[in-house]
Amino acid sequence: MVQDIETCAKALKTIGIRAGDKITIAMPNCPQAIYMFYAVNLVGGIANMIHPLSAEKEIEFYLNESESVTAITLDQFYHKFERVRQNTKVVNVIIASIKDALSKPIKAGYMLTEGRKIEKIPEDAPIIRWNDFMKMSKHCFYNYKVKRTGEDPAVILYSGGTTGTTKGIVLTNRNFNALGQQVIAANQMFRPGDKMLAAMPLFHGFGLGVCVHTMLSQGGRCILVPRFTPESYSKLIVKHRCNFIAGVPTLYEALLRLPSMDGADLSCLKGVFSGGDSLSIELKKKFDKFLYDHKASIQVREGYGTTETVTACCLTPVHMFKEGSIGLPFPNTFIKIVAPGTEEELPYGQEGEILLSGPTLMKEYMNHPEETAQTLRTHADGLTWVYTGDLGTMDEQGFVYFKGRAKRMIISSGYNIYPGQLENILDAHEKVQMSCIIGVPDALKIQKVKAFVMLKPGIEANEDTKAELMAYCRKNIAKYALPYDIEFRAQLPKTLVGKVAYRILETEELEKLSQEKTG
Amino acid sequence: MSVKTPWKDYIGDVPFTLDYFEGSMFEAVEKIADKYPNNIAFDFMGKPTT
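In the order they appear, the protein sequences are chains A and B. Residue numbers 1 to 519, in my numbering, belong to the letters of the first sequence in order. Residue numbers 520 to 569, in my numbering, belong to the letters of the second sequence in order.
To be clear, the hints were calculated from the coordinates, so they are not data collected in a lab. As the structure is a prediction and not an experimental result, all values here were calculated from the model. A virtual CB, placed ideally from N, CA and C, is assigned to each residue, including glycine. Accuracy of the hints is not assured; some may be wrong.
Stated by the list, open to error - One side of the interface only, derived from the structure: several residues of chain B facing chain A at Cβ under 7 Å: (1) W526; (2) I530; (3) F540; (4) S543; (5) F545; (6) P556; (7) N557; (8) N558; (9) F561; (10) M564; (11) G565.
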């Protein structure tokens, strides 16, 4: 692996990447993504990690926001990059293919199934194919390694923060290296060679920070999974006899209901982590019983964190569990509960805003100094704290309890979706007067996205208009955040200050759902 | 004013503080790869890489 990373780094140097340059990596979990990620780090660049399923306009935004000079993606996403490339500062696009990373027999099977579905890339397309790119390394002999320190920025991950505007979170080498050490310190049963199912994506703090970097920097072994379903996820745990797995509550809920897990032996498991969303007490009980019934000697441990601290900051300890708690802070990490937005620390047991501090604290929000100043504040205790916008309490033993989000956000299958962002996109359509996005309860995803739209005068609220808006959404909104339905309204309810009263729409929708159930 | 750490007595075998590595992310990976040169770093669709 290190040899391939060095080859990739030499190739990056050959195409002119310099220290501080940003390279967009829009890849699922696969070997080329790992090589590129660490090669960018080795040449002193900054890896801009984005979702490969992002919509075209989102890709354009990420490329421009980060001022990326190079991007790497998979062959099946080439066309999206090609359509926005001319609006960016990108100099070259590297195209990798899953098939190049497969062993021969698997490759043959892949080409017969998945591979043939991929839209052909023209022979003369302005791209560098992965294999050609790696060969460029032979033109670089010296000086491709750039010395970086813990303080230097290494990675950009995206999040809506508390305001909902998509921002790049600038994270340093120290942030990630410290996280790796903390995770291992909090899991003393870890031994080099232990396997972790790396199904969480590389453009997510947990996927990159825990599943990949913690393992690779501490001697663990990652089972890279580019795409998964609850079925394939469960099969991989059993097949590879994974020691550590992580997931969002909806995934664990789905595993409970899989007939393929009947009789499965999970005695290999040393750590099962839940994050990304609140794990209900009921689901924890059910999943712990499921683990016990499948010969596992451990229980699911819930953690909590934000992308502003890479990912998890606290975790339920091995030896002690308290109902509803998200655990205790990692080494050198501090948590306190304050009256929301203030420096006033609250007594144990009282609900307030959760603040975090420690070695994984981000450097800044890229290009957003005001939001950085609002989110990162240095207190009289001498520490810099991130204001999470999440509500919680702490008990007298330091156990932290998550109580809800102060910010407006929909969580669908573990993805954070910001209604404000989607409304801005819909409102920009020529036929839309105003829109409102709400989360609707869903058995599998926990919440799904629904759009309410008030059309401009004279525009007909018919199926054609709906189809046009849906097509527009598909172009501008990532798949996981797409509304499942658009409902037209002549008027949208308003609050006293004239904002759209989304809570009224939520209540109406809930009533409609319960009527449908009883009716 | 110092920060409160009520969890200090309840963390079991987890250390309260650690000494952190001050190099780059690549260096952290390279260091462990030098220590365990034959360990498998990752598997991808059935193919292991050391």
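### Message
So, against the hints stated earlier in the document, which numbers end up violated here?
### Response
Violated: hints 6, 7.
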